[in-house]
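Peer 1: Chain residues, written in single-letter form:
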Amino acid sequence: MRRYVARRVAALVATLFVVSALVFVVVRVLPGDPAAIIMGTEGSREALERLRHSMGLDRPLTVQYVEWMGGALRGDLGRSLQYDLPVGTLIASRLTVTVPLALMAALFMVAAAIPLGLYAATHHRRAGDYVTMVLSQIGISIPQFWAGLLLILVFSVSLGWVRSGGFDGWSSGAGAALRSLLLPAIALGLFQAAVLVRATRSAVLDVLGEDYVRTARAKGVSERRVLTRHTLRNALIPIVTVAGVQLGQLLAGAIVLESVFALPGLGRLALGAISARDLPVVQGVALFIASTIVVINFAVDLAYSVLDPRIRYE
Amino acid sequence: MRRIAPLVVVLVVLMMAAPAPAQAPNRLIVQSQAEPPGLDMTATPATATSGIVFYNVQEGLVKVDRHGKLVPWLAERWHTSDNRNYTFFLKKGVRFHNGRELKAADVKYAFERAMNPETKHPYAKDYESIGDIIVKDDSTVTFALKSVNASFLQNVARSGSVIYPREAVETMKSAPIGTGPFRFEEWVRGDRIVLVRNPDYHVKGLPKLEHVTFRFITDPNAVLAALKAGDIDVSLFGLGPEHVQEVQKDPRFQVIVGDTTNDVILAMNNSHKPYSDVRVRRAMTYGINKHDVLKGAMFGLGKVLGTNVDPLNPYYVDMSNAMPYDPAKAKQLLAEAGYPNGFDTALKVSPQYYYTVRSAEVIADNLKKVGVRVKIEQIEWGQWLSRVFREADYDLTIIGHAEAWDIKNYANPKYYFRYDSAKFQELFAKSETTVDDKARRDLYLQMQKLMVEDAPVVWLFMHPRLAVAKKGLQGFWKDLPVSAADLSEVAWTPTK
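Taken in sequence, the protein lines are chains A and B.
Take the first sequence: its position 32, counting from 1, is numbered 72 in this note's numbering, and each next residue is one higher.
Take the second sequence: its position 62, counting from 1, is numbered 47 in this note's numbering, and each next residue is one higher.
Be aware that a few hints might be false.
Claimed, not checked - Derived coverage of chain B by chain A (criterion: at least 3 residues anywhere in the stretch with Cβ under 8 Å from a Cβ of chain A; other residues may be distant): (1) 18 to 27; (2) 106 to 116; (3) 200 to 210; (4) 366 to 379.
Just so you know, these hints were derived from the structure itself, not from any lab.
The structure presented is a predicted model; accordingly, all values stated were derived computationally and were not measured.
A virtual CB, placed ideally from N, CA and C, is assigned to each residue, including glycine.
Take the sequences, apply the hints, and build the full model.
Peer 2: Below, the structure is given as structure tokens:
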């Protein structure tokens, strides 16, 4: 187990190195000069050159990369060109929006998908199953931004229950902050739930056909216990695998929904940074998201042995 | 799991059902389309910056008022006897937001800093004509120009010419200090900028609002939803004509449609074939139905242009009918230029500005009828700036030029139009040293005629000012002769 963890950590570090180099090259290969974007259609060529110089953009790429990587290893991701603040600080401040958003969305996802998936599997080829599957198909087909707009139209424009977007921060009270995140979390979570319902349904269906389920039923174990103890537990491995992948996707989905709901989260930071060619921020965010996904995958792998004690890592 | 699901539902309902906070009077929430790249107007020319800071937080000696007129501001008056030496008499008792009184030395400091190449002022060129700045006493300062410069007062009125205390220069990028009607309060990155009333403002009775929040909402649908849900009070930029039509039907809102200095043009690369031939350029103008373009891109809002002098300019002459839509003439000109069967050409546009893509589609359709086959290429804004604007790597492009008094670009052969006319350059240089209003007006007339004749670009339309505000709000500028959103006179009507 220990050796396994050590190997995985080494792989994780190697992955991040590759990601960092890729991100660094990609944002620089993209045409579009950050200084030119700041100047827009105004300012002279000389002013542009001075700005480029002051931003350090006129130095060789290798020098820029080594400097950035060196800083990143010491925990310093550089300074934002747009905000003139440390990238680390910016990311940390945005996480106070994105992490609760993703967690709430994950909660909605799990709370909706697992009971529905179980229900569909136990009502296999009956009306309930078909209805659930149709609903999930609809859920998968609706683009998240559209679901977001629809929720805004219904709950803030028509009913006036919640505001249409924006985030005042946690200092104005946890209740208000959570309310601001509610609609985007639903829009984000429901799409992922639609995917997870299908995974849950098929995993549960597989297990329901197993001999030990028949044996349990034959023993007279209650149907409820058969489902929770014998079926769900054994079906969890594929479900957790899918859910792990989806956690990563929640971060990607947040990019779109944070724009629709005008939330100052990580996704909007990334989007703004890309169009402003705020290279240190783009790099920092990409590196951060990549690390998060790698860590989630790692956690999922470790979770297997908890869920199924027969699995050993040697 | 079965126990969690109902719990979540209860939680959701509870969270939604709590009442939303009521809107307090004397507070205003403004939607801002883009987050500024820093708040220092002496460092960035971004309109996202001036749209918040200019006239609200920082001001200059001279102001462009809502009618486009130059009026004394931090200087209560100015005087010149020879058009070389301008003496400004500062308004007494003006205080910066840090409490210190504005003095002539601050004026000298701000302009000398702008002229210093080390400070990377985006418009350093505009101050080149200044020779010396002499502080006579605490409230009198004289600018000695190296040569007569007819644009001098315009340049003093610019967003880059604001006066700020020297002790605050290091923090201007994130916390600007000035003399304006509002004090900068906070900038929550990614979400909002908050301004509060300056109780010591030098204009009695202003500002009328206590508290102004600029919230960054980029997506137009989100802006519309926020307006309808009552989360924002006004959208000054960022809504397109189709959205405006939708809110016009809603009795809760007022739509403000006005003029701007934003000239939307179809630029042609004058240094490349076939656009190096003036006959082809004229054919392009004759071949495009500008009224169609205005209808297609702007739902008819805005004004058709004939030259780059916009309707808010005091020297504006209506040239919009000087070369009317005439496809037969366009074809004939193309044949004369050696293109009887037309030609293929690429039109690069950036969807960053919705009107560029829409105009492109109408133009491509118009030009097909005269044999010019236009291929529309959409490129991202960063690429547009590098490839088209900085390197002139293009045939055709569409963009709005928002700056006032920007015909100087046509006197610059290195500008991305690559228009190189000795005659125009001479006329423009002369206009810059002609202070007499009548003589200068005449030069502007000649330049406008020459622009029509040479057709270096096709001037399409003036982008209208489209703002939507809640009913009960008043005091907004109708026209925008300058890139600013002056909120000092904005107030809720007492009946509210």
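Peer 1: Are 3 or more residues of the region 18 to 27 of chain B near chain A, judged by a Cβ distance of less than 8 Å?
Peer 2: holds (count 3)
Peer 1: For the region 106 to 116 of chain B, count the residues whose Cβ lies under 8 Å from any Cβ of chain A; is that count three or more?
Peer 2: Holds: 5 residues of the region 106 to 116 of chain B have a Cβ under 8 Å from chain A.
Peer 1: Go check the region 200 to 210 of chain B versus chain A for me, would you? Three or more residues, Cβ under 8 Å, otherwise it fails.
Peer 2: holds (count 8)
Peer 1: Count the residues of the region 366 to 379 of chain B whose Cβ falls closer than 8 Å to any Cβ of chain A, and tell me whether that reaches three.
Peer 2: holds (count 8)
The earlier numbered hints are all upheld by this structure, with none contradicted.
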